[in-house]
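Asks: Each chain, letter by letter, is given below.
Protein chains: 2
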Amino acid sequence: MSDEIYLDHAAATPLSDKVYAAMQPYFRDAFYNPSSPYAPAVQVRKEYETARVRLAARIGARPAEIIITAGATESINLALGDTGGHIVVSAIEHESVLAAAKKSECTLVPVSAEGRVSPGEVKKAIQPDTTLVSIALANGEIGTIQPLSDVAAVIREERARRLEDGNATPIYFHSDASQGAGLLDVHVARLGVDMLTLNAGKAYGPKQVGLLFVERSVRLNAQIVGGGQERGLRSGTENVAGTIGFATALELAERARKEESARLAGLRDYLENELVAAFPEAVVSGDHNHRLASHLHISFPGLDGERLVFLLENRGVLAATGSACAANKGTRSHVLETIGLAPEIADGSLRLSLGRLSSEENTKRAAKIIAEEVKNEYRRIG
Amino acid sequence: MSDEIYLDHAAATPLSDKVYAAMQPYFRDAFYNPSSPYAPAVQVRKEYETARVRLAARIGARPAEIIITAGATESINLALGDTGGHIVVSAIEHESVLAAAKKSECTLVPVSAEGRVSPGEVKKAIQPDTTLVSIALANGEIGTIQPLSDVAAVIREERARRLEDGNATPIYFHSDASQGAGLLDVHVARLGVDMLTLNAGKAYGPKQVGLLFVERSVRLNAQIVGGGQERGLRSGTENVAGTIGFATALELAERARKEESARLAGLRDYLENELVAAFPEAVVSGDHNHRLASHLHISFPGLDGERLVFLLENRGVLAATGSACAANKGTRSHVLETIGLAPEIADGSLRLSLGRLSSEENTKRAAKIIAEEVKNEYRRIG
Numbered sequence: 001m002s003d004e005i006y007l008d009h010a011a012a013t014p015l016s017d018k019v020y021a022a023m024q025p026y027f028r029d030a031f032y033n034p035s036s037p038y039a040p041a042v043q044v045r046k047e048y049e050t051a052r053v054r055l056a057a058r059i060g061a062r063p064a065e066i067i068i069t070a071g072a073t074e075s076i077n078l079a080l081g082d083t084g085g086h087i088v089v090s091a092i093e094h095e096s097v098l099a100a101a102k103k104s105e106c107t108l109v110p111v112s113a114e115g116r117v118s119p120g121e122v123k124k125a126i127q128p129d130t131t132l133v134s135i136a137l138a139n140g141e142i143g144t145i146q147p148l149s150d151v152a153a154v155i156r157e158e159r160a161r162r163l164e165d166g167n168a169t170p171i172y173f174h175s176d177a178s179q180g181a182g183l184l185d186v187h188v189a190r191l192g193v194d195m196l197t198l199n200a201g202k203a204y205g206p207k208q209v210g211l212l213f214v215e216r217s218v219r220l221n222a223q224i225v226g227g228g229q230e231r232g233l234r235s236g237t238e239n240v241a242g243t244i245g246f247a248t249a250l251e252l253a254e255r256a257r258k259e260e261s262a263r264l265a266g267l268r269d270y271l272e273n274e275l276v277a278a279f280p281e282a283v284v285s286g287d288h289n290h291r292l293a294s295h296l297h298i299s300f301p302g303l304d305g306e307r308l309v310f311l312l313e314n315r316g317v318l319a320a321t322g323s324a325c326a327a328n329k330g331t332r333s334h335v336l337e338t339i340g341l342a343p344e345i346a347d348g349s350l351r352l353s354l355g356r357l358s359s360e361e362n363t364k365r366a367a368k369i370i371a372e373e374v375k376n377e378y379r380r381i382g
Numbered sequence: 383m384s385d386e387i388y389l390d391h392a393a394a395t396p397l398s399d400k401v402y403a404a405m406q407p408y409f410r411d412a413f414y415n416p417s418s419p420y421a422p423a424v425q426v427r428k429e430y431e432t433a434r435v436r437l438a439a440r441i442g443a444r445p446a447e448i449i450i451t452a453g454a455t456e457s458i459n460l461a462l463g464d465t466g467g468h469i470v471v472s473a474i475e476h477e478s479v480l481a482a483a484k485k486s487e488c489t490l491v492p493v494s495a496e497g498r499v500s501p502g503e504v505k506k507a508i509q510p511d512t513t514l515v516s517i518a519l520a521n522g523e524i525g526t527i528q529p530l531s532d533v534a535a536v537i538r539e540e541r542a543r544r545l546e547d548g549n550a551t552p553i554y555f556h557s558d559a560s561q562g563a564g565l566l567d568v569h570v571a572r573l574g575v576d577m578l579t580l581n582a583g584k585a586y587g588p589k590q591v592g593l594l595f596v597e598r599s600v601r602l603n604a605q606i607v608g609g610g611q612e613r614g615l616r617s618g619t620e621n622v623a624g625t626i627g628f629a630t631a632l633e634l635a636e637r638a639r640k641e642e643s644a645r646l647a648g649l650r651d652y653l654e655n656e657l658v659a660a661f662p663e664a665v666v667s668g669d670h671n672h673r674l675a676s677h678l679h680i681s682f683p684g685l686d687g688e689r690l691v692f693l694l695e696n697r698g699v700l701a702a703t704g705s706a707c708a709a710n711k712g713t714r715s716h717v718l719e720t721i722g723l724a725p726e727i728a729d730g731s732l733r734l735s736l737g738r739l740s741s742e743e744n745t746k747r748a749a750k751i752i753a754e755e756v757k758n759e760y761r762r763i764g
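Chains as they are written, first to last, in my numbering: chain A, 1 to 382; chain H, 383 to 764.
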């Protein structure tokens, strides 16, 4: 690990030491089923409930509004699973949102060349039978941050209109904020969402742990039924260690958020400036005014991004061409297609995502290595 | 923990030290997303795939037939979720099976007073549109083991009949074997099942990890969609640490299975004999010829089982009245109702489940403490 420069924090983050320490007692000693009746199990339940309170506090929700899941994909499937109506999503949502939306009638809202959703486009896409709008807080590939509170206003207007029209169909606003925690404000009231997905594994917390915030007035159907845990919305023995780890991770991330965002933006801007200076033909995607501090999506026209990833790996720089799930399938990114990036540009893309493993020293080193490898590649292809 | 006598292994098992050691590297150092393209991530994927091979080998399946889930409840919901037809389940299935079955048209098959399912009753319940039969390998409350291979024979006959009748409706056999791993043979071909649920958290493995074996000819619809992981049947970043832990736990459990079953049966029989000798009016439920070696379900007519659990806890004995999820709701067990146990007997029940934390010494001590407390209670109520 020591010599490696990890620039793929958007795909996975290392577990924080403090989070690991907080979870450890629940792996072995406090192994009891939180539904068991005796004191050590009751104590485990109490600590689990406290973690839910801590999570709720971090996003401005009530504890009963938090559903713990096995990750963002499950949260998203629960939120979008069974709305009984038409769904509106942006065309650059994560695959899990697109796949879940496509189980219902759905409309994909286009985005600008910078990857921004326009509230006006969302408004146009809403039908009288639309029950859900789902827009990610920030795109995992190009880092563009969406104007959620403006979309929320559109939804409030639609609610007022329905009230006037006597249309009793509810309409909810969900956001997948997996890429936002620790970098952006994820307070549900300030975002204006009725449902919010968060992923512990993207925020230096345990993997396979997510949450879905479900505002108390939202009527949702369970996807996984059984013992009736998690308000009846998600059965299965409660994830004690995972929830405590998640709460700890979110607290740590929130506490350091402003400082860490500024630090990462500084490193990212350095990386961007160095590479753009060296390669004026490079294309940086995403919205420069509304972009995750961690993200740099840069394309080198004519180059092969996958080849570049392997060359960089040989030099100790771990980077991605796109999001891990999409890149693995060897298909072209739907995000880059949607923002209209020409194939010969899109194919030469790197997604560099910074995070806690990024330092001034290793970011400078990465900039140098990437520049060298890109230069070699351009030389090679002539 | 040292003085505690844990008699609730059916609710939760402590994580094995060896399992914990096997998982540890994947919590922090090897934190990479298994879908990422660079070598350390590819190595993580390789180790994940190896764990799937190991799991498959343990149950006699092909690796591609294993779907890793977040636990038995999710596995069960996936198996029963969307069959498009009528479902047959036993009336004493775990709540998650009953709840999932009730989403479809379903028939509950009665059981004997010992809690055994009769293959003849299953046969009677099967309709031309039945697509799934789900019977647990062993009941978590009273420990009765079901004649799965006889039920499998009924299903094979039904398939032959359908072939003759030109009825193209498929019929599958699923079993929830959560309570069986480490005590019973869980080889899928010998059991005769098309789908099998296992739970790592009940077998000294990590919590929130389960699997669903899905025989390759079974057509199943995904419940959680997205990145297309787990054969497209269960999207979400793969659970690397959990799967490796599960494989290790199942290997350890299988290796020690015969010896451990014999050991536990010996301790359980001692406990049973002591208590029945002291209280001839006590009622032991379950099938004495087909019962999990770990389980003793014993009822003291006229006593209050919940009170008894608290009294025992004061003496350091951790036991349950029934399964953790049901007991927690204060409702009477549907299992005991189904086997026809009178309420005044059922209400005085203890479920004592032995396991790796049980020793000859602490089982003897437990027998003595339970006998004393039951005697006191009978004295108190006159």
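For the record, the hints were derived by calculation from the structure and aren't laboratory data.
Among the hints, erroneous ones may be present.
[To be verified] If you want the ones that stay clear, here's a sample from chain H, every Cβ over 10 Å from chain A, calculated: (1) Leu397; (2) Glu431; (3) Ser494; (4) Glu539; (5) Glu546; (6) Asn549; (7) Asn671; (8) Lys757; (9) Glu759.
[To be verified] Listed next, with one range per pair, are the computed distances between beta-carbon atoms: (10) Arg380/A x Gly614/H: 32 to 40 Å; (11) Gln406/H x Glu4/A: 43 to 51 Å; (12) Asp29/A x Ser741/H: 14 to 22 Å; (13) Val284/A x Gln406/H: 34 to 42 Å; (14) Asn221/A x Glu726/H: 37 to 45 Å; (15) Lys506/H x Asn167/A: 33 to 41 Å; (16) Ala256/A x Gly698/H: 39 to 47 Å; (17) Pro407/H x Asn167/A: 51 to 59 Å; (18) Gly684/H x Arg190/A: 26 to 34 Å; (19) Gly698/H x Glu4/A: 30 to 38 Å; (20) Lys400/H x Asn221/A: 37 to 45 Å; (21) Arg255/A x Arg714/H: 45 to 53 Å; (22) Pro407/H x Pro147/A: 36 to 44 Å.
All C-beta atoms in this analysis are idealised placements derived from N, C-alpha and C, irrespective of residue type, glycine included.
Asks: Each hint needs a verdict: does it hold in this structure or not?
Replies: We went through each hint and held it up to the structure:
| no. | hint | in the structure |
| --- | --- | --- |
| 1 | Leu397 | 5 Å, violated |
| 2 | Glu431 | 13 Å, holds |
| 3 | Ser494 | 25 Å, holds |
| 4 | Glu539 | 31 Å, holds |
| 5 | Glu546 | 36 Å, holds |
| 6 | Asn549 | 29 Å, holds |
| 7 | Asn671 | 29 Å, holds |
| 8 | Lys757 | 21 Å, holds |
| 9 | Glu759 | 16 Å, holds |
| 10 | Arg380/A x Gly614/H: 32 to 40 Å | 38 Å, holds |
| 11 | Gln406/H x Glu4/A: 43 to 51 Å | 20 Å, violated |
| 12 | Asp29/A x Ser741/H: 14 to 22 Å | 18 Å, holds |
| 13 | Val284/A x Gln406/H: 34 to 42 Å | 39 Å, holds |
| 14 | Asn221/A x Glu726/H: 37 to 45 Å | 39 Å, holds |
| 15 | Lys506/H x Asn167/A: 33 to 41 Å | 49 Å, violated |
| 16 | Ala256/A x Gly698/H: 39 to 47 Å | 44 Å, holds |
| 17 | Pro407/H x Asn167/A: 51 to 59 Å | 55 Å, holds |
| 18 | Gly684/H x Arg190/A: 26 to 34 Å | 59 Å, violated |
| 19 | Gly698/H x Glu4/A: 30 to 38 Å | 50 Å, violated |
| 20 | Lys400/H x Asn221/A: 37 to 45 Å | 41 Å, holds |
| 21 | Arg255/A x Arg714/H: 45 to 53 Å | 47 Å, holds |
| 22 | Pro407/H x Pro147/A: 36 to 44 Å | 42 Å, holds |
Consistency note: the structure conflicts with the earlier hints numbered 1, 11, 15, 18 and 19.
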